[in-house]
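K.L.:
Sequence:
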Amino acid sequence: MFIVLTSCDNVTENEIQKEQEKANLGKNIGPLALEYLVKYVYYWDLEKYTPVSNKKLGIWMSYNTNLFSTVRNYCGFSKVLVTSTTELQKAVTSGFSRGNITGLIPHEESTWQQQIDSYGIIGAYYIDEPIERDEYTPQSINQIISYIRSTEGLINTAPFKIGSYKTGVTFVTQYWQVIFANNNVFMMDDAYDGFWSGIMWWTDQRPHWTDFQNAYSVLNKSNWIHIEKDYSEYNGLLGHANNLGLSEIWLYVNEFSEVEDHLNAFSDQAWKTDWLLKVERKYRKEYRCYTKDCDLVANWQLYETVPLDEYRTVAYDQEQN
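Per this note's numbering, residue 326 is the first one in the sequence shown, and the count goes up by one each step.
Read the hints as simulated data drawn from the structure, not as lab findings. The structure displayed is predicted, hence computed values, not measured ones. Keep in mind that the hints are not guaranteed to be accurate.
[Said to hold, decoys possible] Calculated cross-link-like contacts (lysine to aspartate or glutamate; reagent style DMTMM-like; alpha-carbon spacing at most 20 Å):
{"#": "1", "residue 1": "K554", "residue 2": "D593"}
{"#": "2", "residue 1": "K381", "residue 2": "D620"}
{"#": "3", "residue 1": "K491", "residue 2": "D442"}
{"#": "4", "residue 1": "K607", "residue 2": "D370"}
{"#": "5", "residue 1": "K610", "residue 2": "D620"}
{"#": "6", "residue 1": "K415", "residue 2": "E585"}
[To be verified] Ranges between beta-carbon positions, derived for each pair:
{"#": "7", "residue 1": "Q464", "residue 2": "N560", "range": "37 to 43 Å"}
{"#": "8", "residue 1": "D459", "residue 2": "Q439", "range": "55 to 61 Å"}
{"#": "9", "residue 1": "T375", "residue 2": "T462", "range": "37 to 43 Å"}
{"#": "10", "residue 1": "D599", "residue 2": "S471", "range": "50 to 56 Å"}
Glycine is no exception: its CB is placed at the ideal position from the N, C-alpha and C atoms.
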C-alpha cells in the first residue's frame, strides 16, 4: 500500500490515518458465497366460521360455559341459551349481545318469576317440555308469557319458545291453546336420535321433524340437535332443516369429554349445508435449501410460517368450484 503525500506541510497525522483506512476497506472483499436458496408457498387456512345472513345457530351449553367465547368467535354460533345470571354475564363478556341471549324458564313452577326478573331484558325465552313433564298447564304457561310481556312496564314481544317431542293430538291441542292466547310463541322439536314414537323406533329424527312441522306449521321455525346423540346425523339433520325452511337450529351440549371436537365437526357440517360461512386467512411458508443440489422437491427445509393480513369468506359451493 502506498500513500502519496503531495506536501508535508498540509497533510496532518490524522489525515494520513484516514487514507490508510480507506485503502483497507476493500482489501478482504471477495465473491459472495451462496448460503441457501429460498422458495415460498402460499395457502389459505381456516380462521373462523361466521353466520350466513338468513340463518342462525344457537347453543345451550350449561356444562361448558368456559367455551362461550369459542362458540361465538370461532364456531359461528349467533345465539346462546343461559340458565342463570352468572351464565348471562359470561355470555355478555364473551361477546353475545342481550338481544341474542335466550333465558331458560325453570322447571320448578314456583321459581319462574324470580328467574325472569333476574334476566332483565333479553332476546327470547325458552321453556323445555313443560306439558310433557307435567310441570305446567296451558294456563300457567299463559301466565308466564303475560308476565314477560309486561316486564318492567314495557310491552315485551320477545319470542317465547317451547320445546316438545310430542306430536300426538293431546299434547298438540294443549300447546295450541298457548299459541292462540299469545303472540310470538314458537314450537321447537327436541326429539333426538333413537326416539320411540309409540309406533316405531326412529333411528333418525328427520321424519319426526316433518310431522312436528305439520302439527305447528309456520310456528315451527327452529329445532334442537344433540351434540353427542346426533353426532353422525349432523349433515342429514341440517340438510333437512333447509328442506323444511327452518331459520334457526339449536345445539344442545351435554357434559362429556369430546365437546370441542364435536363442536368443530358440527361447524364443519353446518358450513357444508349452507348454515355457516368460512373465513380463511392467507399464510406464507418459507422453505430454505442449504445444499448445491436443490430441486423442486428434495432438500428443502421449512424455515417459518407467516400469517398474512389477507382474508376471504368462502361458502361451501365456492370452494368446490
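K.L.:
Confirm or reject each hint.
P.N.:
A quick look at each hint next to the structure:
no.: 1; hint: K554 with D593; verdict: holds, 17 Å
no.: 2; hint: K381 with D620; verdict: violated, 50 Å
no.: 3; hint: K491 with D442; verdict: violated, 30 Å
no.: 4; hint: K607 with D370; verdict: holds, 6 Å
no.: 5; hint: K610 with D620; verdict: holds, 17 Å
no.: 6; hint: K415 with E585; verdict: holds, 18 Å
no.: 7; hint: Q464 with N560: 37 to 43 Å; verdict: holds, 41 Å
no.: 8; hint: D459 with Q439: 55 to 61 Å; verdict: violated, 22 Å
no.: 9; hint: T375 with T462: 37 to 43 Å; verdict: holds, 42 Å
no.: 10; hint: D599 with S471: 50 to 56 Å; verdict: violated, 38 Å
Going through the hint list in order, the structure does not satisfy hints 2, 3, 8, 10.
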